[in-house]
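Could you build all of it, start to finish, from the sequences and the hints given here?
Protein sequences appear in the order of chains A and B.
Mind the numbering: the first sequence is residues 1 to 418 in my numbering, read in order.
Mind the numbering: the second sequence is residues 1001 to 1223 in my numbering, read in order.
One thing to keep in mind: the hints can contain errors.
Claimed, not checked - In silico lysine-lysine, DSSO-like type, Cα no more than 30 Å apart, as pairs:
hint, chain 1, residue 1, chain 2, residue 2
1, A, K31, B, K1099
2, B, K1099, B, K1193
3, B, K1045, A, K31
4, A, K31, B, K1102
If you are wondering where the hints come from, they were derived from the structure by calculation, not from laboratory data.
Listed below are the residues making up each chain.
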Amino acid sequence: MNRFDELAERLAELQDQLVVESGVSEQARAKVLAALPLQRSTRSWRGPILVGAGLTAAAAAVAVWIVDPFAERPNFVVNASSHPGAVGEWLSASSTKSLPLDFWDGSQVILAPKAQARVTEIEDEGARVVLERGKITVQVRHRRTTRWQVQAGPFEIAVRGTRFVTQWIPERSELTVALTEGRVDVSGPAWTEERSVSAGETLRVRKEGDGWQPLPRAHAPSAAAVVDESGSVEPAELEALDEPSEVSAVRSAKPAAKEAADPVVVTWQELAKAGDYAGAVTRAKESGIAEILATGSSDQLLSLAQAARFAGDPELSRRVLRAVRERGPGSPAYGVATYDLGRLAFDASGRYLEAAHWFREYLRDYPSGGLAREASGRLVESLERGGDHLGATHAANDYLRRFPSGPHAALARRIAGP
Amino acid sequence: MNTNTVEVPRIVKSGVKAAPEPIRKPRRAPVTFVGDESALLEGLKRSEPGAQATFFDAYEPAVRRVLARILGMGDELCDALQECFFRAFRSIDAVEDPKALKSWAMRVAVNVALDQLRQRRRRRWLVLVGSDTWREPSVPTASNELRAVLRATYRVLDRLPDDERVVFALRRIDGMELADVARVCGVSLATVKRRLSRAEDRFFSLARRRPELVEWMNPEDYQ
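The structure is reproduced here in structure tokens:
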């Protein structure tokens, strides 16, 4: 069994547990039984499970239903049908007027005054737009297989169905992405991983020297507010992100006004749950780590430790896990913290013998605990990598006795020998 | 209600004819379905509530499993589960072989899941609705990390085309045999293999960028 298959098994188990705990089956059963008897349809079933003769017409209807409704060839027009667009053509908005591009699938890209861009690819799933300079507003209509991309300088923005404004200033090598709706994923030289930007968020990054300086990510009440108020954020450094005046379809004033009146405060827990681990750690530090360690529940602390580990801050993770252990044994969190300290030592620091110490601690306190199999396997690995071959052999034999078909069995057999 | 009543005059002791008393013909006895799929199918085709209830109890776990694997944990799971059975009861005439009842129910589940995915995307056009809109119940034995990994897995799956997502979820997360995946998806084995290959390429390429998932990747999955 390989690692992903082992994970999949555990995920499926967890999922089944969550569903059972939620009571979904009982709720559905009550509603279905209350509606009985349900009469069968007297018409031919128009779904893909139709059997028997007479299939052809129904299958054709289903095929049309499944096939993308936008059967026309992908294309776009410039400036409200005055000019058919061409792939690769240089598009430049005048100094006073914006330039809208309307796409076959209902999507729209609007070049702000002075902006320059090119549409470099068009396919059934979407288009690729290269922003050479200036600001564009992008509204992508989401379909089953939507794949749009916007390139701004060295950055790629992957779009699935969203509305956002992006600006690229080549003279400063500065990128801004402000989301009105939906979410985009941005990749580029400023990070090792993609960055997700969600509705209401603004991402900014600028080249400084040989590196890239991420500017603080603002949780603005709405991207629209950032967009409209030209002086609202670092006015001395940013050009105003005003939306083009023709964009009546893009946004209405009402949601922006409402959002400006009710700023959303996102906690570090919510950021972590949304997968924004770097944001969660930043937010937690803003709130005060000492405060969280003093008042947070053990589960909250484990979440913070995990977020710190995923965000690449092993020191914070270690500090939080030790704090959980200091609260004393007697809860599942204590065991998880012990195990995670081992994993941290192994994965983040390469301190294998320290890792082995933690895995041994876990197995001593929780010999049949939920993480016993993992801890046993990792103990074998840690000792072997740490150079304690005799210890690794003992641990391997123990592992094979307890978990002969576990994910570390192959390693254990190799170490234990014949 | 059709009781097939027949009026028959009664003669009482005094010799006076009494008012006729209706005689009710016995209704057909309820069909029992234990271990008898033919009888169950027969009862379903007659829209008998007992058969429909039995069908629900017998196949709900399998249907629920298919929905959960494809959709993840979302608020629409309960509605989707009901919809599967409503559709199944309405379209029961499509089933000829009683032994195919289970796989047919799972196939209905796949189609309902696909519809739900399409609806989700339409809702996302207006407001961000992720596959983690679910309010997780408390499962004390489940680690926070495993939950984070589960959420991350479905965030990655959200980025796959639906047909690839379905085969990946059923094969790699549920562990369903390829032939069964083909049967419940209503496509050939070759098509399933093709979709699975593309799905795996995409999934592992995206997953290796997620810190929650990267340590679970086998080296050969992303070389």
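Verification of the supplied hints:
Annotation: proposed proximity of A/K31 to B/K1099 holds, straight-line Cα distance about 27 Å (limit 30 Å). With a C-alpha separation of about 25 Å, the suggested pair B/K1099 and B/K1193 falls inside the 30 Å cut-off, and the hint holds. Among the hinted pairs, B/K1045 with A/K31 is consistent with the structure: their alpha-carbon atoms are about 21 Å apart, no more than 30 Å. For the given pair, A/K31 sits about 21 Å from B/K1102 by alpha-carbon distance, which is consistent with the 30 Å threshold.
In the structure shown, no violation is registered for any of the earlier numbered hints.
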